[in-house]
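Peer 1: If you want the building blocks of each chain, they are given just below.
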Amino acid sequence: GESVGLHLPTLSVQEGDNSIINCAYSNSASDYFIWYKQESGKGPQFIIDIRSNMDKRQGQRVTVLLNKTVKHLSLQIAATQPGDSAVYFCAETDTSNTGKLIFGQGTTLQVKP
Amino acid sequence: KAGVTQTPRYLIKTRGQQVTLSCSPISGHRSVSWYQQTPGQGLQFLFEYFSETQRNKGNFPGRFSGRQFSNSRSEMNVSTLELGDSALYLCASSWSGYTDTQYFGPGTRLTVL
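So the sequence lines, in the order shown, correspond to chains A and B. Read in order, the letters of the first sequence correspond to residues 37 to 149 in our numbering. Read in order, the letters of the second sequence correspond to residues 6 to 118 in our numbering.
Hint data in this document are derived by calculation from the structure and do not stem from the laboratory. A quick note: this is a predicted structure, and the numbers were derived from the prediction, not measured. Built from N, CA and C at the ideal position, the CB exists for glycine as well. One should not assume that every hint holds.
Reference excerpt, derived from the structure (chain B facing chain A, CB under 7 Å, subset only) [said to hold, decoys possible]:
id, residue
1, Ser38
2, Pro44
3, Gly45
4, Leu48
5, Glu53
6, Arg60
7, Asn61
8, Leu95
9, Gly102
10, Tyr103
11, Thr104
12, Thr106
13, Phe109
14, Pro111
15, Gly112
Derived DMTMM-like pairs: lysine to aspartate or glutamate, alpha-carbon spacing no greater than 25 Å straight-line [what the hints assert, rightly or not]:
id, chain 1, residue 1, chain 2, residue 2
16, A, Lys148, A, Glu51
17, A, Lys92, B, Asp105
18, A, Lys78, B, Glu80
19, A, Lys107, B, Asp105
20, B, Lys18, B, Glu80
21, B, Lys62, B, Glu87
22, A, Lys107, A, Asp130
23, A, Lys104, B, Asp105
24, B, Lys62, A, Asp67
25, B, Lys62, A, Asp130
26, B, Lys62, A, Asp85
27, A, Lys92, A, Asp67
28, A, Lys92, B, Glu87
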């Protein structure tokens, strides 16, 4: 069925450590993947994206890795800060599904001071 | 550039009533997608509009409908409200809807009593 799963519902890390949030997807046809951050009372905020012709993409303090062989996506956050505390969602789509993102269940990242 | 705006931010309705939510996309974006977010089901795709035409639709009953105007602004309507319709309704806009980044608004929190 349609699903983009995340391995852990909650991840707790110490401030300054690196965080890794994982996601498994099921649709082999998906060719575009996005990570979103959602803070309480707000809409999802774009973090970083990656297309299926890439394995890795880096942004500011964030890196997304895509392993198409095992249909796995991960988000790495370097030097995690208290402001990174939020729910993180991975989402996937493909060109046949115009305007439709399929979201995972989300991982809550808690940053301990 | 202004982000996606949604009005109203909060709504309280009773069962059987109908409701209309509004979304103004980022300037230049022609694709508008709508999502329902609940704690139990997560983020689920409702429908997508482009150039005033619905191009894609999720698995929701016909009580959920939408439209898009020539300026790309969009509305969604829910008729005969049920308790289970209580949710955060999010709209997102993108340039084309074809594997490009969707940017989300803050959402409309609908409570059905």
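Peer 1: With a cut-off of 7 Å on the beta carbons, see whether Arg60 (chain B) makes it to chain A.
Peer 2: 5 Å, holds
Peer 1: Within a Cα-Cα threshold of 25 Å, do Lys18 (chain B) and Glu80 (chain B) meet the stated pairing?
Peer 2: Distance ~17 Å between Lys18 (chain B) and Glu80 (chain B) Cα, so the pair holds.
Peer 1: Quickly compare the C-alpha distance for Lys92 (chain A) and Asp105 (chain B) to 25 Å and report which way the hint goes.
Peer 2: 18 Å, holds
Peer 1: Does Asp105 (chain B) lie within 25 Å of Lys107 (chain A) when you go C-alpha to C-alpha?
Peer 2: 20 Å, holds
Peer 1: Would the stated hint for Asn61 (chain B) survive a check requiring a Cβ distance to chain A of less than 7 Å?
Peer 2: This interface hint holds because 5 Å falls under the 7 Å limit.
Peer 1: Do the numbers back the hint for Leu48 (chain B), that is, is its least Cβ distance to chain A under 7 Å?
Peer 2: 4 Å, holds
Peer 1: For a C-alpha distance cap of 25 Å, please report whether Lys62 (chain B) and Glu87 (chain B) respect it.
Peer 2: Cα-Cα ~20 Å, so holds.
Peer 1: Next pair to validate is Lys148 (chain A) with Glu51 (chain A); report whether the Cα-Cα distance is within 25 Å.
Peer 2: Holds: Lys148 (chain A) and Glu51 (chain A) sit about 6 Å apart, inside 25 Å.
Peer 1: Given Tyr103 (chain B) was flagged as interface, is its beta-carbon under 7 Å from a beta-carbon of chain A?
Peer 2: Nearest chain A Cβ about 6 Å off; hint holds.
Peer 1: Next pair to validate is Lys62 (chain B) with Asp67 (chain A); report whether the Cα-Cα distance is within 25 Å.
Peer 2: Roughly 20 Å separates the two Cα atoms, so the pair holds.
Peer 1: Starting from Lys78 (chain A), check that the Cα of Glu80 (chain B) is at most 25 Å away, please.
Peer 2: 20 Å, holds
Peer 1: Per the CB criterion, is Gly112 (chain B) less than 7 Å away from chain A?
Peer 2: 5 Å, holds
Figure legend: structure checked against the earlier numbered hints; hints not met, in rising order: 2, 3, 28.
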